[in-house]
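Start from the sequences and build out the full structure, keeping to the hints where you can.
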Amino acid sequence: MRADPPPAVVGRGRLAAAIAGRLAVSVLDGPDLIDADATAVVHAVDSWDAAAREPVREACSARGASWIPVWTELGRVFIGPMERHGTTGCVRCMELRRQRAHEYGRERAAALEAYDDRRSLWITDLACDTVAALVADDLAWLGTRTSGALLEVALDTLAVSSHRILPDPLCEVCGSLLDDSAALAELVLSSRPMAEPGSLRAAEARDRVAGLLDSYVDPETGLVRTVGRGVQGSLVVAVAPLHMRIDDRVERGFGRTRSYRTSEAIAVFEALERYGARPGARRTVVEGSFATLRRQALDPRRLGLHAPESYERPGFYYRTFDENAVCRWSWGYSLSRAEPVLVPEPTAFYGVPYDTASRPFAYELSNGCALGSCLEEAIIHGLLEVLERDSFLMTWYGRLPVPRIDFRGATDRAVPMQAAAIRAETGYEVRVFDTTMEHGIPSIWAMAVNPDPADGRPATLSTAGANPVVERAILNALSEMGPILADLDGRYRRDGARTEEMLRDPFTVEHMLDHSLLYANPEAAVRLGFLIGPDRRARPDVVLPIATGDPHTDLLDALLAMVKALADVDLEVIVVDQTTPEHRVGGLACVKVVVPGTLQMSFGHAQRRLVGLERPMSVPARLGYSAGRLSIGDLNPHPHPFP
Numbered sequence: 001m002r003a004d005p006p007p008a009v010v011g012r013g014r015l016a017a018a019i020a021g022r023l024a025v026s027v028l029d030g031p032d033l034i035d036a037d038a039t040a041v042v043h044a045v046d047s048w049d050a051a052a053r054e055p056v057r058e059a060c061s062a063r064g065a066s067w068i069p070v071w072t073e074l075g076r077v078f079i080g081p082m083e084r085h086g087t088t089g090c091v092r093c094m095e096l097r098r099q100r101a102h103e104y105g106r107e108r109a110a111a112l113e114a115y116d117d118r119r120s121l122w123i124t125d126l127a128c129d130t131v132a133a134l135v136a137d138d139l140a141w142l143g144t145r146t147s148g149a150l151l152e153v154a155l156d157t158l159a160v161s162s163h164r165i166l167p168d169p170l171c172e173v174c175g176s177l178l179d180d181s182a183a184l185a186e187l188v189l190s191s192r193p194m195a196e197p198g199s200l201r202a203a204e205a206r207d208r209v210a211g212l213l214d215s216y217v218d219p220e221t222g223l224v225r226t227v228g229r230g231v232q233g234s235l236v237v238a239v240a241p242l243h244m245r246i247d248d249r250v251e252r253g254f255g256r257t258r259s260y261r262t263s264e265a266i267a268v269f270e271a272l273e274r275y276g277a278r279p280g281a282r283r284t285v286v287e288g289s290f291a292t293l294r295r296q297a298l299d300p301r302r303l304g305l306h307a308p309e310s311y312e313r314p315g316f317y318y319r320t321f322d323e324n325a326v327c328r329w330s331w332g333y334s335l336s337r338a339e340p341v342l343v344p345e346p347t348a349f350y351g352v353p354y355d356t357a358s359r360p361f362a363y364e365l366s367n368g369c370a371l372g373s374c375l376e377e378a379i380i381h382g383l384l385e386v387l388e389r390d391s392f393l394m395t396w397y398g399r400l401p402v403p404r405i406d407f408r409g410a411t412d413r414a415v416p417m418q419a420a421a422i423r424a425e426t427g428y429e430v431r432v433f434d435t436t437m438e439h440g441i442p443s444i445w446a447m448a449v450n451p452d453p454a455d456g457r458p459a460t461l462s463t464a465g466a467n468p469v470v471e472r473a474i475l476n477a478l479s480e481m482g483p484i485l486a487d488l489d490g491r492y493r494r495d496g497a498r499t500e501e502m503l504r505d506p507f508t509v510e511h512m513l514d515h516s517l518l519y520a521n522p523e524a525a526v527r528l529g530f531l532i533g534p535d536r537r538a539r540p541d542v543v544l545p546i547a548t549g550d551p552h553t554d555l556l557d558a559l560l561a562m563v564k565a566l567a568d569v570d571l572e573v574i575v576v577d578q579t580t581p582e583h584r585v586g587g588l589a590c591v592k593v594v595v596p597g598t599l600q601m602s603f604g605h606a607q608r609r610l611v612g613l614e615r616p617m618s619v620p621a622r623l624g625y626s627a628g629r630l631s632i633g634d635l636n637p638h639p640h641p642f643p
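Counting in UniProt numbering, the sequence shown runs from 1 upward without gaps.
Some hints here could point you the wrong way.
Ranges between beta-carbon positions, derived for each pair [as the list claims (entries may be wrong)]:
1. P314 / L184: 38 to 46 Å
2. A24 / S191: 55 to 63 Å
3. S631 / Q99: 49 to 57 Å
4. G315 / L560: 28 to 36 Å
5. R106 / L623: 46 to 54 Å
None of these hints come from the bench; they were simulated from the model.
Built from N, CA and C at the ideal position, the CB exists for glycine as well.
Below, the structure written as structure tokens:
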């Protein structure tokens with residue numbers, strides 16, 4: 001029986017010589033000298049010459065051989081990952097992950113390239129022996145340590161650490177994406193017990209947090225480089241930066257709870273949710289006009305478009321909708337009709353970059369995007385975000401005098417305690433309003449009100465929440481209030497003068513932070529008189545606790561109940577599965593939930609999306625807040641205060 005040939009060593013320098021000596025082979029000067037029957041190759045250099053790897057990859061690919069790169073960088077030696085022909089998680093994936101993980105990845109890569117042949121002066125005989133032993137041992141065990149991982153040897157201490165490499169589905173060497181299709185868009189939902197009744201979180205996810213952080217957080221190769229944490233507004237605040245794969249944008253996830261562990265996990269999960277906004281789940285292949293696809297496609301007008309004057313503004317990025325205009329479409333799935341439906345690609349993936357010829361019809365953001373430990377959990381939280389923001393905007397545009405909630409008697413004592421903590425720390429009064437719309441799924445508007453508007457601090461701050469359990473909706477809103485208020489206080493002291501121009505010209509409200517900044521100004525806060533003014537017309541307060549039925553114990557039951565409640569008022573629920581291979585590594589699901597007819601949150605006054613929507617005019621009368629149908633002219637003309 002013929003034995004496998006020994007591994008080949010290609011390269012130059014002390015590391016290559018040490019590895020070859022350990023393996024009892026000679027160092028080859030170039031990849032063209034690799035034996036045709038070779039099954040494993042090591043490429044080793046004493047510098048960081050990344051360009052020299054490509055000929056080795058090509059030679060190994062032609063022979064069907066596995067290979068491992070070994071090189072040095074700034075006091076460190078790196079080994080791996082082992083690249084096997086025909087499998088994912090290659091050396092190029094490692095390079096892409098490292099470039100994104102570093103704060104100045106592109107600049108760092110350029111600096112290394114400029115000095116790619118400079119040899120490390122820290123390479124000692126002991127370091128060479130250590131690296132050679134690691135490589136030989138890994139080859140003997142078929143790449144156990146370097147399969148999907150990068151080993152790092154610190155040359156000052158010889159400490160060895162491992163960094164996980166997640167395959168990049170868009171990698172030009174090993175990546176592969178399936179074409180998007182109606183069949184792949186179909187969703188199969190399952191029963192999922194909750195961690196506790198009404199929690200809306202899967203029981204199976206409780207013990208997975210530590211493992212999930214290990215999968216995604218790494219200073220060298222992680223999707224998230226590191227997680228920072230601090231304390232704001234009586235809560236632990238964590239922030240997780242994530243470098244997106246298509247452009248140089250860094251998205252950040254935030255966690256705000258009373259626990260360091262929980263805040264860090266939520267911050268990482270929110271960052272991973274943002275990751276789903278870019279392509280990486282499936283390759284979009286459908287392109288055409290709504291006129292030609294209308295039997296399968298969602299009418300973009302049902303999502304709300306911008307005012308005609310916005311499209312005419314100089315520099316306005318979005319194009320006017322035309323039924324014959326060609327655009328790209330992604331497949332989603334209607335839970336209400338149990339069938340696939342085409343959704344405009346910018347709606348499905350708000351982070352897709354566009355050239356001039358394929359500009360989207362409307363402004364999009366993460367509205368309805370959510371991550372969960374399973375599909376059912378992700379859909380629930382995406383849907384609740386849609387409803388939270390819709391209810392907030394419906395209340396704002398209709399200037400609805402919704403009832404205030406007296407939360408002092410809440411069953412969950414965390415509600416009044418959190419409000420009291422905000423009051424004690426900031427001096428602000430906390431007011432909560434019931435903004436539940438016609439579907440009956442509870443939503444609330446929470447507001448921090450400065451009792452002394454003349455003290456130079458922000459006059460108001462608004463947040464919102466939605467949840468089948470009212471008290472949980474309130475807690476969601478209050479958990480954001482303290483940290484955002486602390487940030488707003490600093491911004492208002494620094495940039496408060498800008499609000500004078502915003503008061504005069506609403507179109508100078510251009511960015512997300514401008515909205516909360518504007519309503520820090522006492523003159524703008526007067527516009528909230530329909531909620532907090534002395535003469536507001538309001539129904540009697542809603543007093544907690546509210547008698548409700550037993551909370552759901554299964555995620556699927558809770559989801560189907562919400563879908564039915566919306567269907568009863570002619571609102572459809574559509575889900576686009578954004579789950580990438582990276583999400584699946586952690587057993588996560590990422591979705592975009594779309595409910596045509598609801599108001600889409602937007603930032604920048606010119607980006608308001610009201611045209612084509614019926615509910616802002618009809619629902620106020622249906623709920624008894626107006627005597628009859630409203631007109632467009634009746635709607636609130638001012639920028640909204642959502643933070």
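Evaluation of the provided hints:
Against the hinted window of 38 to 46 Å, the Cβ-Cβ separation of P314 and L184 comes to about 41 Å, which satisfies the hint. Look at A24 against S191: about 58 Å separates their beta carbons, and that is inside 55 to 63 Å. The hint said 49 to 57 Å for the Cβ distance between S631 and Q99, and at roughly 53 Å that hint holds. Here the CB-CB span from G315 to L560 is close to 45 Å, at odds with the stated 28 to 36 Å.
In this structure, R106 and L623 meet the distance hint of 46 to 54 Å, their C-beta atoms being roughly 53 Å apart.
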